[in-house]
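Based on the sequences and whatever the hints tell you, model everything.
Here is what each chain is made of, one letter per residue.
2 protein chains.
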Amino acid sequence: MLASIAHRVPPRSYGPWEQVASTLAEGLVARGHDVTLFATADSVTSARLHAEAAAGYEEDAAVDAKVYEALHIAACFERAAEFDVISNQFDFLPLAFSRLVRTPVVTTIHGFSSERIVPVYRAYDDIAHYVAISDADRHPSLTYDATIHHGIHLEQFTLGAGDGGYLLFLGRIHPDKGTAVAVDVARRAGLPLVIAGVVHDGRYFAEEVEPYVDGSAVTYLGPVGPAERDRLLGGARALLHLIGFDEPFGLSVVESLATGTPVIAFPRGSLPELVDDGLTGFLVADADAAVDAVRRLASLDRAACRKAARTRFSAERMVADYERLFARISAT
Amino acid sequence: MLASIAHRVPPRSYGPWEQVASTLAEGLVARGHDVTLFATADSVTSARLHAEAAAGYEEDAAVDAKVYEALHIAACFERAAEFDVISNQFDFLPLAFSRLVRTPVVTTIHGFSSERIVPVYRAYDDIAHYVAISDADRHPSLTYDATIHHGIHLEQFTLGAGDGGYLLFLGRIHPDKGTAVAVDVARRAGLPLVIAGVVHDGRYFAEEVEPYVDGSAVTYLGPVGPAERDRLLGGARALLHLIGFDEPFGLSVVESLATGTPVIAFPRGSLPELVDDGLTGFLVADADAAVDAVRRLASLDRAACRKAARTRFSAERMVADYERLFARISAT
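Chains as they are written, first to last, in the numbering used here: chain A, 183 to 514; chain B, 183 to 514.
FYI, nobody ran anything at the bench for these hints, they're computed from the structure.
Take these hints with a grain of salt, some might be off.
Claimed, not checked - Calculated Cβ distances over 12 angstroms to all of chain B for the following chain A residues: (1) W199; (2) T218; (3) Y386; (4) G451.
Unchecked claim - Where chain A lies over chain B, by a calculated footprint (3+ residues, C-beta under 8 angstroms): (5) 251-265; (6) 273-282; (7) 296-303.
Unchecked claim - Covered by chain B, per the in silico footprint, the following chain A stretches (three or more residues, Cβ under 8 angstroms): (8) 252-266; (9) 281-293; (10) 300-310.
Ideal Cβ placement from N, Cα and C applies to all residues, glycine included.
Structure, rendered in structure tokens:
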């Protein structure tokens, strides 16, 4: 398994690609597979670890991204003959190596950062095995072997009471994630908003979020680790996920469901696949409808949210899906 | 031959890596070799052209550098079995593919953009064939097969009279190239300075060069094509090459010599290998010494400059050096 090296595996806080690589690698090892994880040297795994970079390039300025991406990907392909299948969780660059080895490469496409990267996926469509992370994220010009929704470790999330009296924003502070919309909706709904996550767009934060942060109506906590994440999610009345882009998959959405907390979201990208409208949250057309949805939260059952997460978004389900796919591909 | 795809081959104006790739490819074809040039689709060559990118990523915003670098390099390595040798004029990324094919890869190292890229070269030192472009640019931790100085097409440069009454700066406008030092030296020497080249550092240009541009004492022409380059060089009393970095090779230095124009330079990097002090120019310790050197220009013989260029820096010499190296490597 070729992980991203922006962060270690699993990530300390932000790092959805690295989180998925970790969950999948650990799950496959638990099911008895011999897994070699290509990741940063500070990664923590029960798989065999092969590291070229000492740390993630987002975490250590001494690690040059382009240099270590090259060494990291090459290391995996140079050992390709040892593996039945290569699980590429890295983005498009490994595809460029894929015709030079016999080992099948299964590429999980974690979203298209821009339409400009599609030509590489198209160039390898004939030999590649693509996995979409949601049906919504399937690109019409590519051929996919499967859609596999991400799964999470349910045991790391506790069914909470949702009795903290606040709404929660959890994710990167960026217009894509709709932080400012969440501020607006919470204010109009008359509930405090707690914001947790890394600032990915400093100007957006300074201009559209920070002016409202007063420590009571709006609180900003910065990035949070797993334990606080669980506590914050479990105490929230709802997660506000009022995104400004077609999100390929929302890990925080299914994490919220795992704590029993419903999600109020705009129905863009994968969201209709993640939230059952009227059961595990509300899919709303605009900010006005989001304010209205906050008032209807009492009609939702927190146990039903947790159950949906367990049934549809568990690590076990994800690992089983990939295991089936890898078995099928390596047998042909 | 794997060229850089920042610009087309040969470059319209700036593009030293693409210029060397062009000179070498054309020279090998002229000597009867079957050469496939991997370059942009708008490249002009008598070799077989394989293009993935429509144009250079520095010249066409629609070309994503990372995407097309991947497709471009992969295309070459996917066809590796067709070639006796791959001449890598691209930088370090192709090395990552080099263990996956049997064809030897000869990598011309066009300089180290930073010490941070050295780990990739070191990781492939065992199987790589490195060519230094000057002895000065050899990195102590790497093993080289040869130093091959660049060569130029002498027939594209005319022995000029040096009677334009000006000093010349030719190259990127950047502190590395010493544009502001050239302005200072020319003013103190009492001669007009003509500046030609692309602005690579806008702030440096605006603050340290542009204030002196008055169209008479200091003239700025922008980038210039081959014909004007030849005319400008041939009319200059001297080329001022008062660099602020250890330059791996200075193409403009040998182009200047080819027009008979001597070079006044700081003796950093490859410059002592390019300029014969007291014969084809002056190697000077500082700006004061450069001003003094301008006054001693009459002691130099322009024909000797042209002769040095013909003897040591012709395309034919460079092509013959590479041909010998490629033959030796493909025979082993």
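Check your understanding: Any of the earlier hints contradicted here, and which numbers?
Key -> Failing hints: none at all.
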